[in-house]
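The lines below spell out each chain.
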Amino acid sequence: MRVIVQEAPFDLGAETSAFAIGETKMGAIVTFTGIVRDLAKTPLEAMEIEHYPGMTLKALEGIAAEAKKRFSLGNVLVIHRYGRLTPGEMIMMVATAAPHRKDAFEGAEFLMDYLKSRAPFWKREITAQGADWVASKDADEDALTRWEAKP
Amino acid sequence: MRVIVQEAPFDLGAETSAFAIGETKMGAIVTFTGIVRDLAKTPLEAMEIEHYPGMTLKALEGIAAEAKKRFSLGNVLVIHRYGRLTPGEMIMMVATAAPHRKDAFEGAEFLMDYLKSRAPFWKREITAQGADWVASKDADEDALTRWEAKP
Amino acid sequence: MDILYFAWVRERIGVPREALETKAKNVAELVEELKAREERYAVAFEDLSALRVAVDQELTDFDASLENATEVAFFPPMTGG
Amino acid sequence: MDILYFAWVRERIGVPREALETKAKNVAELVEELKAREERYAVAFEDLSALRVAVDQELTDFDASLENATEVAFFPPMTGG
Chain A
11 MRVIVQEAPF
21 DLGAETSAFA
31 IGETKMGAIV
41 TFTGIVRDLA
51 KTPLEAMEIE
61 HYPGMTLKAL
71 EGIAAEAKKR
81 FSLGNVLVIH
91 RYGRLTPGEM
101 IMMVATAAPH
111 RKDAFEGAEF
121 LMDYLKSRAP
131 FWKREITAQG
141 ADWVASKDAD
151 EDALTRWEAK
161 P
Chain B
11 MRVIVQEAPF
21 DLGAETSAFA
31 IGETKMGAIV
41 TFTGIVRDLA
51 KTPLEAMEIE
61 HYPGMTLKAL
71 EGIAAEAKKR
81 FSLGNVLVIH
91 RYGRLTPGEM
101 IMMVATAAPH
111 RKDAFEGAEF
121 LMDYLKSRAP
131 FWKREITAQG
141 ADWVASKDAD
151 EDALTRWEAK
161 P
Chain C
44 MDILYFAWVR
54 ERIGVPREAL
64 ETKAKNVAEL
74 VEELKAREER
84 YAVAFEDLSA
94 LRVAVDQELT
104 DFDASLENAT
114 EVAFFPPMTG
124 G
Chain D
44 MDILYFAWVR
54 ERIGVPREAL
64 ETKAKNVAEL
74 VEELKAREER
84 YAVAFEDLSA
94 LRVAVDQELT
104 DFDASLENAT
114 EVAFFPPMTG
124 G
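These protein sequence lines map, in sequence, to chains A, B, C and D. Start counting at 1 in the first sequence, then tack on 10, and there's your number in my numbering. Start counting at 1 in the second sequence, then tack on 10, and there's your number in my numbering. Start counting at 1 in the third sequence, then tack on 43, and there's your number in my numbering. Start counting at 1 in the fourth sequence, then tack on 43, and there's your number in my numbering.
Calculated from the structure, these hints are not laboratory results. One thing to keep in mind: the hints can contain errors.
[Claimed, not checked] Listed next, the in silico EDC-like pairs over lysine to aspartate or glutamate satisfying Cα-Cα at most 20 Å (straight line):
id	chain 1	residue 1	chain 2	residue 2
1	B	K35	A	E158
2	A	K112	B	D152
3	A	K147	D	D90
4	B	K68	C	D99
5	A	K68	D	D45
6	A	K68	D	D90
7	A	K35	B	E58
These numbers come from a predicted model, not from an experiment.
Turn these sequences into a full structure, and let the hints steer you where they fit.
So this is what it looks like as structure tokens:
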């Protein structure tokens, strides 16, 4: 398990490659990457991500440990950035290795659903019009019920 | 859409990186990578993948086009190898870009479910004991019902 | 018409492809014709539920028409991915 | 006890953190104490359904005990990923 919180960019290709190499007992690798999207009505200048330094790493490690408990997973990787990012920059990534594709997919989806609503990050969109905190979505909270219903 | 069928290895890191770069309208990238696993009772020497050259590319393009029709996706990448592979080698990968994570995940899962049972590849495991064709799994056929039930 | 065989179907029949003159109207008729030829075909086509068929490189069923078809392929269930 | 604020809660209260002597037994009592202090707290804590709380860096509820707690953080629903 590898969990990283950093301001600097990460190298998606190098991380994915390093994660997958030598997994001879694992048949399936899934990665998810989040990218700063420019979909605002006024062009997005930047996205600022605030976090809770004392809690962030602990929260991410807890989510990753829970994923390993629930699914048949090998290695798990979580990288999440904070600070000022511009459109097209990668915000975060997760990767899961598993013997079978179902666990690899579900493990990654579980990580993402919990990262969205349970990891202490707050996003703010900066445009020429000013800065707006991104509101949490009901859909993200609802996504968690999928996992709560399970044993 | 980019669909590749080749005998040579591919560079997962480079492919993933190239796929994700410049996707400023897409917030989510999912990749799946299949790896030759050594789980046989007798150590696996190699996996040989036979395919149907005249049909393979067409079948993969059809599956990728159907994924783009069903989900809100940006770019889609499918790479599938054939020939003799050793444990730890990467067999194939898919990548999906989407505005939202749900489509990116579902698009990749759809691609994988159809690749498993509808793309003309046949795997054979080579051990010291001989060569055995990998049997198709009922679970893989069942996985398709998830998508058939939907509109 | 070109007939192609893959995986263990190819191994049982002994060749990867062969050209055949046939008047079979659909795949099922073609299968009967092949089975009648030689024991190795009868063995390969013994259990059709274990086989899949593509006509002109499109997956289809055993009752598919062969009208205008130029290539038929027989193989076990696919194991891609 | 250290009280931390994040995102718009931090902006409304005007500081990212402050130290406080309190006898509050649980989070809800602490909130009432803060609201009574100044208008900016009353505004920030107006709608508790729009807020989340962590005690000693663990997410919890507004009825959570503050016994032995050293750090309480208030913030809006998280938007990670």
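**Asked** CA of K68 of chain B to CA of D99 of chain C, is that 20 Å or under?
**Response** Given pair K68 of chain B, D99 of chain C holds - Cα atoms ~11 Å apart, limit 20 Å.
**Asked** Is K35 of chain B within 20 Å of E158 of chain A, Cα to Cα?
**Response** violated, 32 Å
**Item:** 20 Å limit on alpha-carbon distance, applied to hinted pair K35 of chain A and E58 of chain B
**Value:** holds, 18 Å
**Pair hint outcome, K68 of chain A versus D90 of chain D [Cα-Cα no greater than 20 Å]** = Outside the cut-off at roughly 28 Å; violated.
**Asked** Given the proposed pairing of K147 of chain A with D90 of chain D, does the C-alpha separation stay at or below 20 Å?
**Response** With a Cα-Cα distance of about 17 Å, the restraint between K147 of chain A and D90 of chain D holds, given a limit of 20 Å.
**Request:** Starting from K68 of chain A, check that the Cα of D45 of chain D is at most 20 Å away, please.
**Result:** With a Cα-Cα distance of about 19 Å, the restraint between K68 of chain A and D45 of chain D holds, given a limit of 20 Å.
**Prompt:** Between K112 of chain A and D152 of chain B, does the CA-CA distance stay at or below 20 Å?
**Reply:** holds, 13 Å
In summary, the numbered hints that this structure violates are 1 and 6.
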